[in-house]
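Residue numbers (the numbering used here), protein chains in the order written: chain E, 1 to 260; chain L, 1001 to 1275.
Mixed in with the good hints there might be a few duds.
With a cut-off of at most 20 Å between alpha-carbon atoms, the simulated SDA-like pairs for lysine to any residue come out as follows [to be verified]: (1) E:Lys45 x E:Leu151; (2) L:Lys1055 x E:Ala124; (3) L:Lys1055 x E:Val136; (4) L:Lys1055 x L:Ile1226; (5) E:Lys18 x L:Lys1225; (6) E:Lys45 x L:Asp1107; (7) L:Lys1038 x L:Val1208; (8) E:Lys45 x L:Met1103; (9) L:Lys1262 x L:Thr1248; (10) L:Lys1088 x L:Leu1197; (11) L:Lys1055 x E:Met256; (12) L:Lys1088 x E:Lys18; (13) L:Lys1038 x L:Thr1231; (14) E:Lys18 x L:Gly1022; (15) L:Lys1025 x L:Gly1047; (16) E:Lys45 x L:Asp1102; (17) E:Lys45 x L:Met1144; (18) L:Lys1055 x E:Ala135; (19) L:Lys1055 x E:Pro225; (20) L:Lys1225 x L:Ala1213; (21) E:Lys45 x L:Val1208; (22) L:Lys1055 x E:Thr226; (23) E:Lys195 x E:Glu97; (24) L:Lys1088 x E:Arg140; (25) L:Lys1088 x E:Pro138; (26) E:Lys45 x L:Gly1022; (27) L:Lys1055 x E:Phe80; (28) E:Lys195 x E:Met256; (29) E:Lys45 x L:Glu1241; (30) L:Lys1088 x E:Ile139; (31) L:Lys1225 x L:Thr1067; (32) L:Lys1055 x E:Ser129; (33) L:Lys1055 x E:Lys195; (34) L:Lys1088 x L:Thr1117; (35) L:Lys1088 x E:Thr226; (36) L:Lys1088 x E:Val136.
Note that these hints are calculated values from the structure, not bench results. Quantities reported herein were computed from a predicted structural model and do not represent experimental measurements.
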Amino acid sequence: MTAFLEYLGQSTRISFTKLGRASYFLLQILAGILSLLARPRLLLKQLYSVGVLSFLIITISGLFVGMVLSLQGYYTLSDFGAEESLGVMVAASLVRELGPVVSGLLFAGRAGSALTAEIGLMKATEQLSGMEMMAVDPIRRIITPRFVAGLISMPLLAALFSAVGVIGGQMVGCGLLGVDEGAFWSQMQSGIDFKDDIINGVIKSLVFGFVTSWIALFEGYDAIPTSEGVSRATTRTVVNSAFSILGLDFILTALMFGEH
Amino acid sequence: MDNHVTPPNSLVSVRNLSFSRGTTKIFDNISLDFERGKITAIMGPSGTGKTTLLKLIGGQLFPDQGTISVDGENVHQLRRAELYNLRKRLGMLFQSGALLTDMNVYDNVAFPLREHTHLPESMIRTLVLMKLQAVGLRGARNLMPNELSGGMARRIALARAIALDPMMILYDEPFTGQDPISMGILVHLIKSLNTTLGLTSIIVSHDVHDTSAIADYIYVLSGGKIVGQGTPQEIQQSESEWVQQFMTGAADGPVHFHYPAKDYVDDLLSSGKRY
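Produce the complete structure using the sequences and hints provided.
Below, the structure written as structure tokens:
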């Protein structure tokens, strides 16, 4: 029993010190944002590797999610003779939930894991230490540009995911299942509210981008500098990001859509 | 209780330094001096914290006790900006080279210049080519770090370390894992750079032969203490059994061949249990 309590106490202590380190790390990142403005090229390079390279996976996934959504939605809606609402149903699901959440999960798997592995390997090969000894702050030079790139990319990727998903839904709904195209678009237009749906979706994706980039960069920076340590850190990034995204999504949904 | 007098020509002086990792004491109240213009070697078996000492000197780690001053400045009392200014005057050569893997050789050597100076690209080019020429790798400027051999990577890292014309270079195990030719090149480079650029060098190494060939002064560390110090000749003739074992590489001596274990015969005869 005491052994169990000891274990519990120790793991709590370890978790909290890690949380402390992660918070301090975040402060250091944020402190570097101003100096990043002076060097936009560092950011551009990261926007490419974090954002542009995630483009393909987001587009293809978005298309398929939209198509499936349309197919499933049609079967249910047609029982009630409400096929015309397919457009609003597809768009609302995508913009409010699936867009931010699924693209967040994909982002964690594609860009987050790559960030952790990259930073972890830089640590293992003494590149970060070497930079410090060259009087270059690795957080400002390496971490902050990647963080900001994640923060900017995530809402754009989520928007792309939703847009492509709507097109996929339209292709299946109108092309394959014969829903009237005019009804599909006009119902969507009247059913989706800019502030309540789209802005809230963008806020969600911003939050997910913030959390995922923070987790990915911290896990890499905090990784044990061996090949095993880096591989574990990469796994932790994907698992912790997924949990955080899903948990935060519930909280954000409750806050945003609660009063309806 | 500082009973060491700092020699007037000392660039780095370490006073009563203690440092531990967890419960292991890495350094136990040691004092060392590194003279200007000289090559000083720190030797000792693996795991004696030689690299840790370099990180303490560079201000990447904090000592539990004691002080380290570099060029008259107490490294661990400097503010961040002051520490960074001091580091600009230090070069450090890591064991792996620590080249930035997403840049080619040219950009790696140009990196400190671009970060810390506002020189025009044409002047950076001249400087980079001069530094690469000094290490004999001007022709390799377009290669990526993964295309370099270990010895070449270290020479590039050396070119990068001297890019800002530092006053001192710290070498972390520069000879480990090198073939005889690259070893010879590195030994020659360290010696000639020290003389021609008027540097001060600190070499951390367990390579007895090559290090004593170029070092002016040697400290031998073991178990957190200094077990021997002097010029290479003095060290060779040291009466300390420990230093003799280290210098000659004898398998048994004060450092035992066997890891501590219970009695061999008892161990063999205690049947049944694995441990």
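For the pair we were handed, Lys1088 of chain L and Arg140 of chain E, check the Cα-Cα distance against 20 Å. Holds, because 17 Å separates the two Cα atoms, which is no more than 20 Å.
Holds or violated: are the alpha carbons of Lys45 of chain E and Met1144 of chain L at most 20 Å from each other? holds, 18 Å
With a cut-off of 20 Å on the C-alpha distance, tell me whether Lys1055 of chain L and Ser129 of chain E pass. holds, 9 Å
Check whether the Cα positions of Lys1088 of chain L and Ile139 of chain E lie no farther apart than 20 Å. Answer holds: Lys1088 of chain L to Ile139 of chain E is near 18 Å, not above 20 Å.
Is it true that the CA of Lys1055 of chain L sits at most 20 Å from the CA of Lys195 of chain E? violated, 54 Å
Tell me if the straight-line CA distance from Lys18 of chain E to Lys1225 of chain L falls inside 20 Å. violated, 34 Å
Hinted pair, alpha-carbon criterion (20 Å max): Lys1055 of chain L, Ala135 of chain E. Please report holds or violated. Roughly 13 Å separates the two Cα atoms, so the pair holds.
Tell me if the straight-line CA distance from Lys1055 of chain L to Thr226 of chain E falls inside 20 Å. holds, 19 Å
Restraint check for Lys1225 of chain L with Ala1213 of chain L, where alpha carbons must lie at most 20 Å apart: With Cα atoms ~24 Å apart, Lys1225 of chain L and Ala1213 of chain L exceed 20 Å; violated.
For Lys1088 of chain L and Leu1197 of chain L, compute the direct alpha-carbon distance and say whether it is at most 20 Å. holds, 16 Å
Checking one constraint from the list: CA of Lys45 of chain E to CA of Val1208 of chain L, max 20 Å. Satisfied? violated, 45 Å
20 Å limit on alpha-carbon distance, applied to hinted pair Lys1038 of chain L and Val1208 of chain L: The given pair, whose Cα atoms are some 18 Å apart, holds under the 20 Å limit.
Going down the numbered hints, you'll see the structure goes against 5, 9, 11, 12, 20, 21, 26, 27, 29, 33 and 35, while the others check out.
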